[in-house]
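Per numbering that gives the first Met the number 0, the very first residue in the sequence shown carries number 0; after that it's consecutive.
Note that these hints are calculated values from the structure, not bench results. Incorrect hints may have been included.
[Said to hold, decoys possible] Dumping the calculated SDA-like pairs for lysine to any residue here, alpha-carbon to alpha-carbon at most 20 Å:
#1 Lys428 - Leu154
#2 Lys420 - His75
#3 Lys167 - His379
#4 Lys401 - Arg227
#5 Lys97 - Gln400
[Stated by the list, open to error] Computed beta-carbon distance windows for the label pairs:
#6 Pro66 - Pro312: 35 to 45 Å
#7 Arg430 - Pro87: 44 to 54 Å
#8 Ser106 - Gly155: 37 to 47 Å
#9 Cys209 - Trp418: 17 to 27 Å
#10 Pro396 - Pro33: 17 to 27 Å
#11 Glu224 - Pro202: 18 to 28 Å
#12 Pro87 - Pro396: 48 to 58 Å
#13 Lys428 - Ser307: 18 to 28 Å
#14 Pro66 - Arg323: 43 to 53 Å
No experiment lies behind these values; they were computed from the predicted model shown. Cβ coordinates follow ideal geometry from the N, Cα and C atoms, glycine included.
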Amino acid sequence: MPQQSSSSPPPSSSSLSNLVRLTPLQLSDLPVHPDLPRPETDDGKGRVDLVAFLTALLDNGASFLNPSAFASTFKHQSMKSSPPSAVPVEILGYSIPKSAIARIQWSGSTSASVTGVGHGLSSTSPPSVDVGDPNGSATPVVPRVSRSTPSSSSLGPENWVARRSVHKDISSKDVTRPGHALWDEFVYGLRDDHSKHEADFTPTLYDAHCVVDWSDVLQQSQVQETLRRNGYMACSMGVYEMCHVIPPPLSPRCFPVVVVTASICRDSSSLSKETNFSRPVTRTKRENEDDDEDCFIAVTVPVDLTSSRIPVPTALYSTQRNLREGKTPQQRKRVVMGAYAAVETVRRKRNRSSSSSSTTGQQTRGQAQAQANGKTENQHEIEWIMATASDAKGNLPLWMQKMGVPGAVAKDVGYFMKWIKGVDDAEMKSRRL
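With the hints as extra help, turn the sequences into a complete structure.
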């Protein structure tokens with residue numbers, strides 16, 4: 000991607016999500032779950048619908064990183080290497096001033112209340128909000144669900160850092176072309192068990208404690224069908240406490256987060272130009288194998304697990320139970336609570352050009368040999384984008400955090416490539432069954 004100007008147009012308040020923010024959600028903003036405290040005044044009535052909440056988070060994240068919005072908001076900063084990855088990592092930035100954050104409409108125009116099956120699931124769509132291009136040229140409409148309004152003192156600017164890398168769709172075990180990964184390896188490592196696998200390949204991440212998850216409800220056939228109509232499949236949602244070591248003498252950081260993941264269903268006959276994702280879905284993934292693009296998404300937003308007078312019984316670090324019940328000396332250390340938000344998309348782009356010629360119309364030696372052997376050259380590319388904003392809190396100044404984030408996010412690409420190479424293929428296949 001070519002270098003761009005460092006300045007960004009000021010975002011309009013309507014273009015900013017009320018969910019994908021660095022300001023933590025409250026427990027009362029989450030869908031009902033048996034292990035979460037019920038609101039003390041309404042006995043659980045009026046809690047947000049699970050499907051509405053999940054869809055809104057995914058749609059808001061997808062709009063944030065859709066190609067046109069990403070190109071217009073995030074500006075090139077540098078290129079970094081991340082061995083053993085074979086490709087460079089582009090670092091980009093996007094700053095949102097406090098004044099824009101303060102103008103966000105935190106509540107929806109109408110509530111997405113608890114109805115339907117399971118934990119109160121509805122097949123109706125939640126209210127919509129314009130979250131398009133900050134210049135106003137593209138205005139995709141995505142659901143907005145209400146959330147509690149943050150205090151003005153808790154709001155601040157958000158400094159988003161993104162990385163972008165483009166990989167060949169080649170096995171990580173291929174010794175002739177190392178430093179890449181297959182699409183199925185990306186799906187296994189970054190969509191499936193997202194938080195657990197992040198802890199597996201990130202050296203500083205020493206715990207990914209699952210507080211609650213909604214897997215039982217999301218596996219219900221009626222819920223899956225509703226989500227497919229909304230454009231998503233293979234969905235997951237959970238609350239995690241993600242704990243990182245940082246250099247001494249600073250204390251470890253714990254980031255309580257809501258994490259949602261999904262594959263995006265596509266209907267090539269009605270592709271949305273604004274989001275590159277289509278809805279409604281009329282065909283299955285297998286029937287869409289010849290489409291130009293596959294995509295999955297992970298959205299992470301902060302949540303305050305101490306926002307109720309009743310403790311969350313399954314929380315470990317937010318309740319300081321870790322001081323007594325941590326399994327390792329590291330887990331028993333006192334932590335400082337931070338805030339972390341991220342959106343991650345991985346897209347496989349199928350190149351429809353002839354595999355027997357290059358972009359100049361001439362065969363390369365490798366392509367000629369592949370053709371002679373009756374094989375075709377894999378032309379697929381996998382684009383991996385991750386954007387994050389964070390505040391580690393405590394005594395770590397924001398200016399110092401800003402200096403360290405670009406290098407840290409670039410290293411994650413190499414960490415993933417090193418880890419996925421060591422994952423047994425049979426394990427990945429068993430997960431896919």
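Hints versus structure:
1. Lys428 - Leu154: It is violated: about 45 Å lies between the C-alpha atoms, which goes past 20 Å.
2. Lys420 - His75: violated, 30 Å
3. Lys167 - His379: holds, 6 Å
4. Lys401 - Arg227: violated, 38 Å
5. Lys97 - Gln400: Status holds; Cα separation ~18 Å.
6. Pro66 - Pro312: 35 to 45 Å: holds, 43 Å
7. Arg430 - Pro87: 44 to 54 Å: violated, 30 Å
8. Ser106 - Gly155: 37 to 47 Å: Since serine 106 and glycine 155 have Cβ atoms about 20 Å apart, the given range 37 to 47 Å is violated.
9. Cys209 - Trp418: 17 to 27 Å: holds, 20 Å
10. Pro396 - Pro33: 17 to 27 Å: violated, 41 Å
11. Glu224 - Pro202: 18 to 28 Å: violated, 41 Å
12. Pro87 - Pro396: 48 to 58 Å: Violated, at about 30 Å.
13. Lys428 - Ser307: 18 to 28 Å: The hinted range 18 to 28 Å is violated for lysine 428 and serine 307, with Cβ atoms some 42 Å apart.
14. Pro66 - Arg323: 43 to 53 Å: With Cβ atoms ~49 Å apart, the hint holds.
Comparing the model with each earlier hint shows violations of hints 1, 2, 4, 7, 8, 10, 11, 12 and 13; every other hint is respected.
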